[in-house]
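Q: So the chains spell out like this:
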Amino acid sequence: MQSTFLYSVLSMGGLGALLALGLGVASKKFHVERDPKIDEVNEALPGANCGACGYAGCDAFAEAVANGDAPVTGCPVGGESVAERLAEIMGSEAEESEEQVAQVLCKGGTKETAKAAEYEGIETCTAASVAGISEKRCSYGCLGLGDCAHVCPFDAITMNTNGLPEVDPDKCTACNKCVEKCPHDLFVLAPVSGENHIRCSSHDGGKFVRGICEVGCIACTQCVRVCPVDAIEMQDNLAVLDYEKCINCGLCAEKCPTNTIDFYGEKIEHIEITDDCVGCTRCAPECPVDAISGELKEKHIIDQEKCIKCGICYDVCKVDGAIKKEY
Amino acid sequence: MDSVQYILLLFISTVLINNFVLIRFLGICPFLGVSRYVDTAFSMGLATTFVMTLTAFATYFINSYILVALDLPFLRYVSFIIVIASLVQFVEMFIKKASPVLYKALGIYLPLITTNCAIMGMALLIPLNEYNFIESIVFGFGAGVGFTLAIVLIAGLREELEFSDVPEALQGVPITLILAGIMAMAFMGFAGLVTI
Numbered sequence: 649m650q651s652t653f654l655y656s657v658l659s660m661g662g663l664g665a666l667l668a669l670g671l672g673v674a675s676k677k678f679h680v681e682r683d684p685k686i687d688e689v690n691e692a693l694p695g696a697n698c699g700a701c702g703y704a705g706c707d708a709f710a711e712a713v714a715n716g717d718a719p720v721t722g723c724p725v726g727g728e729s730v731a732e733r734l735a736e737i738m739g740s741e742a743e744e745s746e747e748q749v750a751q752v753l754c755k756g757g758t759k760e761t762a763k764a765a766e767y768e769g770i771e772t773c774t775a776a777s778v779a780g781i782s783e784k785r786c787s788y789g790c791l792g793l794g795d796c797a798h799v800c801p802f803d804a805i806t807m808n809t810n811g812l813p814e815v816d817p818d819k820c821t822a823c824n825k826c827v828e829k830c831p832h833d834l835f836v837l838a839p840v841s842g843e844n845h846i847r848c849s850s851h852d853g854g855k856f857v858r859g860i861c862e863v864g865c866i867a868c869t870q871c872v873r874v875c876p877v878d879a880i881e882m883q884d885n886l887a888v889l890d891y892e893k894c895i896n897c898g899l900c901a902e903k904c905p906t907n908t909i910d911f912y913g914e915k916i917e918h919i920e921i922t923d924d925c926v927g928c929t930r931c932a933p934e935c936p937v938d939a940i941s942g943e944l945k946e947k948h949i950i951d952q953e954k955c956i957k958c959g960i961c962y963d964v965c966k967v968d969g970a971i972k973k974e975y
Numbered sequence: 011m012d013s014v015q016y017i018l019l020l021f022i023s024t025v026l027i028n029n030f031v032l033i034r035f036l037g038i039c040p041f042l043g044v045s046r047y048v049d050t051a052f053s054m055g056l057a058t059t060f061v062m063t064l065t066a067f068a069t070y071f072i073n074s075y076i077l078v079a080l081d082l083p084f085l086r087y088v089s090f091i092i093v094i095a096s097l098v099q100f101v102e103m104f105i106k107k108a109s110p111v112l113y114k115a116l117g118i119y120l121p122l123i124t125t126n127c128a129i130m131g132m133a134l135l136i137p138l139n140e141y142n143f144i145e146s147i148v149f150g151f152g153a154g155v156g157f158t159l160a161i162v163l164i165a166g167l168r169e170e171l172e173f174s175d176v177p178e179a180l181q182g183v184p185i186t187l188i189l190a191g192i193m194a195m196a197f198m199g200f201a202g203l204v205t206i
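Each protein sequence line maps, in turn, to chains A and B. Residue numbers for the first sequence follow this note's numbering, so the first one is 649 and each next one is one higher. Residue numbers for the second sequence follow this note's numbering, so the first one is 11 and each next one is one higher.
The set of hints was computed from the structure by calculation and includes no laboratory data. Treat the hints with care, since some could be wrong.
Below, a list of computed lysine to aspartate or glutamate pairs in the DMTMM-like style, where the Cα atoms sit at most 20 Å apart [claimed, not checked]:
1. K106(B) <-> D707(A)
2. K114(B) <-> D687(A)
3. K973(A) <-> E934(A)
4. K947(A) <-> E934(A)
5. K114(B) <-> D963(A)
6. K107(B) <-> E711(A)
7. K819(A) <-> E728(A)
8. K114(B) <-> E681(A)
9. K114(B) <-> E102(B)
10. K677(A) <-> D81(B)
11. K893(A) <-> D963(A)
12. K106(B) <-> D963(A)
13. K114(B) <-> E711(A)
14. K973(A) <-> E902(A)
15. K819(A) <-> E783(A)
Note that the coordinates shown come from a computational prediction; the quantities given were computed from them, not determined experimentally.
This is chain B alone, in the form it adopts within the complex:
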């Protein structure tokens, strides 16, 4: 298969078919916690995408040049956690300096990316799927875009939900979980769109 086409298909597959939130059920915490308003959801998505891409980049090198080279695959979890935590710290410092407005807007969610399991999951899936460097970057970026897509979609729905007549027992988190379930089923429809 043509490599450019393959990369494109990998991207689409990561965003839609194997969406991190709705199909793999990773990163549910920010998906429910930060999806009140489309604006903050989008900022959160962008920050996560940024961190995911960087993490994919960094973990690929650590995995292939340290862990695989020295035959230490059992250290993946430990090393990836260190890398993710440091990256998030770095991004936080950078944003604080470069754009105080964005820093204020992201608030507590920025450090919370550290504990977003979607990022850890993404980092662990790269060696599992034996992606090469380019594929890893695309996979990381695609995972972030998929996360952003899912969180913005549900934020849009939740904004609409504010004005609808929800039965008392289902108000708040329950109706959001039902929505997420329906969205996940809808995303299952993408299965078979492309095959790699």
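Here chain A stands alone, though its shape is the one from the complex:
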């Protein structure tokens, strides 16, 4: 009995030691250099493995970043802080990447949009869309069954009582899941600073839209004409906003007769040039309505009759306090 015990311990211990030694030697001999940056990058990532970057997970993304195949700004969940950290590791400058947030491009809830039918099928937008059924008469609008709210991994989307999704900008990480899920393509990722949103996706003609939806785009093109920076374009009976060009002046929202355009920023009430103006003439050519006049090295004046209060002159002015705006 004593010997059995002894032999067991000795043989198993010996076997284990031998194999451990063999593996130890093998791991040295067959060691494959792995870029230490991969692990460092991996550490800095959120680790949610959500796949929003387009790679199979945080590890795959880390490898791509370390190899230089993916940009340091590629992680939409981590936002700027992670991008900076990655840039530090990779020794490059983080390009300015503005955080984005999902926006719903439909305002037509059950109150605003005419009802066409009662849908009693499977309670998902995808199913309703495959069946070609919408409760609303608008075939472009929100189906209201909340696929976006279900797919959102961050609980940022809730369906309100009007049957429309609401995005919580604080929770939204711009992971793009809702954009991909919505069968009517009603979500876009817009910069966080964007204050103007044209909330309609209907390509139907103006007359038809007016008949079925209180807040649909009727393609009157007033916003296109009023926009000082040509950020709005008509695409097949629908006004589409280019977020990169938009300066958030809110003029389009003011003009919009159907209230399709939302503006969350502050509207400039009054803007004027003060005595600090050095007469650099920088603002005058930028004014979309030629409301600014003045000679070189003399104080310029804004013609308040013509001024549309878009704020472009304020943005281009290089002299502190030369242009004053009031909200």
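For chain A, the structure is supplied; the task is to place chain B on it using the hints.
A: Just chain B now, with coordinates in the frame of chain A:
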């Protein structure tokens, strides 16, 4: 019986008549998990065959020169698990160094061989059947070939299945299990092909 003929018959018997997957029902996990595509199934089969042959080699020595010699048969499970785990680790390191492409292709399945019960079963069957050294190697290799055969066959069938009209309730795993059952019955037809 002539020894060469006997070895050959043992090999055929291990591959077909006592196929590890379809007759002994060992290694069902990779059989269902990695049989989506013929390519990966074949790679998995090769890796398993390699590990099986090495395991047969190693466990034969451990069994006859340590466990039997010291009269410690109850340590078979423990020692075999250690050996298999170490071997898989070693193979993984070796492939990673020698062929990164194959390493990438095998991916997660390589370390999963550690927990493939077909290998453990094979290692335990060797002392049970009292095979000698040559027989053990042939048995291990044959088990691997049998596994590869089964997994490649079902992968081929599953690739065909992608295009067929499967009833909704049976899609995915259920139809694969039915297929495996039919294949197992077909393999039962090999019984009596050779007798050892």
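Q: Hint by hint, work out which the structure violates, then give me just those numbers in ascending order.
A: Hints 5, 10, 12 and 15 are the ones this structure does not satisfy, whereas the remaining hints hold.
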